[in-house]
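Dock chain E against the given chain H, drawing on the hints supplied.
Number of protein chains: 2
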Amino acid sequence: MPELRRDPVIGRWVIIAKERGKRPLEFEKVKEANSVQGCPFCPGNEKFTPSEITAYGKAGRHKDSGEWTLRVVPNKYPVLQIEGSLNRQGEGIYDKMNGVGAHEVIIESPDHFKEIPELTKRQVEDVICMYKERIIDLKKDSRLEFILVFKNRGAQAGATLSHPHSQLIATPIIPKRAKEEIAGAKNHYEYKERCVYCDILGQEASSLSRVVAENEHFFAFCPFASRFPFETWILPKFHSSKFEDIQKNEVGNFAGILQAVLGRLDKVLDRPPFNFIIHNSPLKDPHVPYFHWYLEIIPKLIHVAGFEWGTGFYVNPTPPEEAAKFLREAE
Amino acid sequence: MPELRRDPVIGRWVIIAKERGKRPLEFEKVKEANSVQGCPFCPGNEKFTPSEITAYGKAGRHKDSGEWTLRVVPNKYPVLQIEGSLNRQGEGIYDKMNGVGAHEVIIESPDHFKEIPELTKRQVEDVICMYKERIIDLKKDSRLEFILVFKNRGAQAGATLSHPHSQLIATPIIPKRAKEEIAGAKNHYEYKERCVYCDILGQEASSLSRVVAENEHFFAFCPFASRFPFETWILPKFHSSKFEDIQKNEVGNFAGILQAVLGRLDKVLDRPPFNFIIHNSPLKDPHVPYFHWYLEIIPKLIHVAGFEWGTGFYVNPTPPEEAAKFLREAE
Chain H
0 MPELRRDPVI GRWVIIAKER GKRPLEFEKV KEANSVQGCP FCPGNEKFTP SEITAYGKAG
60 RHKDSGEWTL RVVPNKYPVL QIEGSLNRQG EGIYDKMNGV GAHEVIIESP DHFKEIPELT
120 KRQVEDVICM YKERIIDLKK DSRLEFILVF KNRGAQAGAT LSHPHSQLIA TPIIPKRAKE
180 EIAGAKNHYE YKERCVYCDI LGQEASSLSR VVAENEHFFA FCPFASRFPF ETWILPKFHS
240 SKFEDIQKNE VGNFAGILQA VLGRLDKVLD RPPFNFIIHN SPLKDPHVPY FHWYLEIIPK
300 LIHVAGFEWG TGFYVNPTPP EEAAKFLREA E
Chain E
0 MPELRRDPVI GRWVIIAKER GKRPLEFEKV KEANSVQGCP FCPGNEKFTP SEITAYGKAG
60 RHKDSGEWTL RVVPNKYPVL QIEGSLNRQG EGIYDKMNGV GAHEVIIESP DHFKEIPELT
120 KRQVEDVICM YKERIIDLKK DSRLEFILVF KNRGAQAGAT LSHPHSQLIA TPIIPKRAKE
180 EIAGAKNHYE YKERCVYCDI LGQEASSLSR VVAENEHFFA FCPFASRFPF ETWILPKFHS
240 SKFEDIQKNE VGNFAGILQA VLGRLDKVLD RPPFNFIIHN SPLKDPHVPY FHWYLEIIPK
300 LIHVAGFEWG TGFYVNPTPP EEAAKFLREA E
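Line by line, the protein sequences are chains H and E. So the first sequence is numbered by numbering that gives the first Met the number 0: it starts at 0 and just counts up by one. So the second sequence is numbered by numbering that gives the first Met the number 0: it starts at 0 and just counts up by one.
Just chain H, same shape as in the assembly:
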């Protein structure tokens, strides 16, 4: 069972994933497994993953058979486990609890080589619908407080398998980063009685220097205070604090802009490693006027170094206005 431990100064929780337990010289050898041979996410190899949670595919197909178009499985090496109780306890001055939660893998399509920009729009819509379905399902588990949907592409971004996939991790506490963001947004709302993200949308739509793409429901841009080169956010133009409330016609537009933006990043940066993350409300929060969900894309182009770790202050060598210009012109 993984263990959650709390830093006694900062209050940050850390997951000590004993089951993944690495000995000193095992670190360097970790490379992304790239080949189709033995890929546990390719059709026909279903037996190499834990038994599926759900899937889209042929009507009447058997569980864990090959006739799927999208498949969700538990992570084989989960950072948090679904069984058990939290069992909060002290250890001297420290606090810890059991690593209860969920860690799932969304295998985006049967094709080992097709990333989101190369899939059909319908396939990308399925990926988005599955994110929504999984959140709605896991919400029923009252032990869970927060779900992060994310994607790691490339070994530099933390991926260990190259077959295109996304992940979700459900945590039994609201993470520090989410709390900070919500507190900041709430603060703005209390002062101005406006959603800060709606304000950002308004400003970006009027200046246009950082815009990357837009459609009926979504707006993509490189944020004013981008921490990383080519960092890009996709925001719904309508106010919504919960990703899982996305409607059918919005799903199509979200799929379209996600394909467009990732395609341009691939073109401009020659298929960079990246992470994307959906920033969303905590599971038990009601609809609120101050928070606004969005997807953040971080290409992995630079190494985070001592200054960033020590201060939380990021140094970005590419102004977002320049990054946005490259991405706009890549259309």
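These are calculated hints, taken from the structure and not from any lab test. Take these hints with a grain of salt, some might be off.
Treat identical chains as interchangeable: a pair holds within one or across any two.
Unchecked claim - Keeping only pairs whose Cα atoms sit at most 16 Å apart, straight-line, the calculated EDC-like set for lysine to aspartate or glutamate is:
| # | residue 1 | residue 2 |
| --- | --- | --- |
| 1 | Lys241 | Glu144 |
| 2 | Lys120 | Glu249 |
| 3 | Lys175 | Glu51 |
| 4 | Lys283 | Glu213 |
| 5 | Lys175 | Asp136 |
| 6 | Lys113 | Asp198 |
| 7 | Lys324 | Glu213 |
| 8 | Lys266 | Glu330 |
| 9 | Lys178 | Asp269 |
| 10 | Lys46 | Glu215 |
| 11 | Lys185 | Asp198 |
| 12 | Lys185 | Glu243 |
Quick look at chain E alone, frame taken from chain H:
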């Protein structure tokens, strides 16, 4: 002039370093310059760095000549610049200011190949004394609020030159990370009337499962809630909120434990890339009973991925008790 920009939600400042301006395909090619040929930090090549700020060396030597044992120069590509005024201003809903500050490089010795564990103890004492001197000197500049002393070793840890060196960056605002740490420590103090770091020392010294090394004045251990495998902290055993108050006899013991700990990390992890950071009080803070300076070492063994970026929640695959055991046994 670099530009400081504030994230409107989180309040995090970012440095947009336009002068370092990177075009899309320049990122991949950045590798650490490893050879002695043309190394700007080797003796005889002083003309390849900006003119020195200070140095230790032969009595009566000329500035920027070769007869030095330790040399401090401005960073050639500074993330913050010493000239100019802050000029805080708005840009629509956003806040920005000029990137005023200091960015210096401490070239630890003339030897291109000797890292801290291989230097003489006297040389490491000089490095520590220089950190102290530079902080005391820069403190006189009232525009500056905080100084981070740090070291990046290896390309994976953000180093671009391999000749052993440390750096310092002085910022015109107190960084978010420092504020959080001080707020956490203050909170503990208000509740318990004890320094949280002194409490941690007490607990670690009694359990011993995470201890790495100790001497008369210092204690090294892998923290209970380590974010990274083999993360190690070195704390003074005496309470002190300001690194720059370190006394002559303490400098010797700090040099000794730093050499021992870095030497063991090199042995156990086969010379890993790493960052070290000195956590210190803001420049204008008085001596306080709630904060305690320390040095944090982060070996770069794993990639930070989507989950960590999205939640601030770290997954560490090596329990600190195991890491400490390997480091103790490497003596």
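These are the hints, each one checked on the structure:
Taking the shortest alpha-carbon separations for Lys241 and Glu144, only the intra-copy value of 14 Å comes in at or below 16 Å, while the best inter-copy value is 39 Å. In the homo-oligomer, the alpha carbons of Lys120 and Glu249 lie at most 16 Å apart inside one protomer (13 Å), although the nearest pairing across protomers, at 65 Å, exceeds that limit. When the C-alpha separation of Lys175 and Glu51 is checked against a cutoff of 16 Å, the pair qualifies neither within a copy, at 31 Å, nor between copies, at 42 Å. For the homomeric pair Lys283 and Glu213, neither the shortest alpha-carbon distance inside one copy (31 Å) nor that between copies (47 Å) is at most 16 Å.
Taking the shortest Cα distances, Lys175 and Asp136 never come within 16 Å of each other, neither inside one copy (24 Å) nor across copies (36 Å). Within a single copy, Lys113 and Asp198 get their C-alpha atoms no closer than 36 Å, and across copies no closer than 53 Å, so neither meets the 16 Å cut-off. In the homo-oligomer, the alpha carbons of Lys324 and Glu213 lie at most 16 Å apart inside one protomer (14 Å), although the nearest pairing across protomers, at 54 Å, exceeds that limit. Only within a single protomer do Lys266 and Glu330 lie at most 16 Å apart by alpha-carbon distance; the minimum there is 9 Å, versus 50 Å between protomers.
In this assembly of identical chains, Lys178 and Asp269 lie within 16 Å of each other by CA distance neither inside one copy nor across copies; the values are 35 Å within and 38 Å between. Proximity of Lys46 to Glu215 under the C-alpha cut-off of 16 Å is found in neither arrangement, the shortest distances being 42 Å within a copy and 57 Å between copies. With identical chains, the CA atoms of Lys185 and Asp198 are at most 16 Å apart within one copy only, with a shortest distance of 13 Å there and 35 Å across copies. For a Cα distance limit of 16 Å, the shortest separation of Lys185 from Glu243 qualifies neither inside one copy, at 21 Å, nor across copies, at 39 Å.
Of the numbered hints listed earlier, those contradicted by the structure are 3, 4, 5, 6, 9, 10 and 12.
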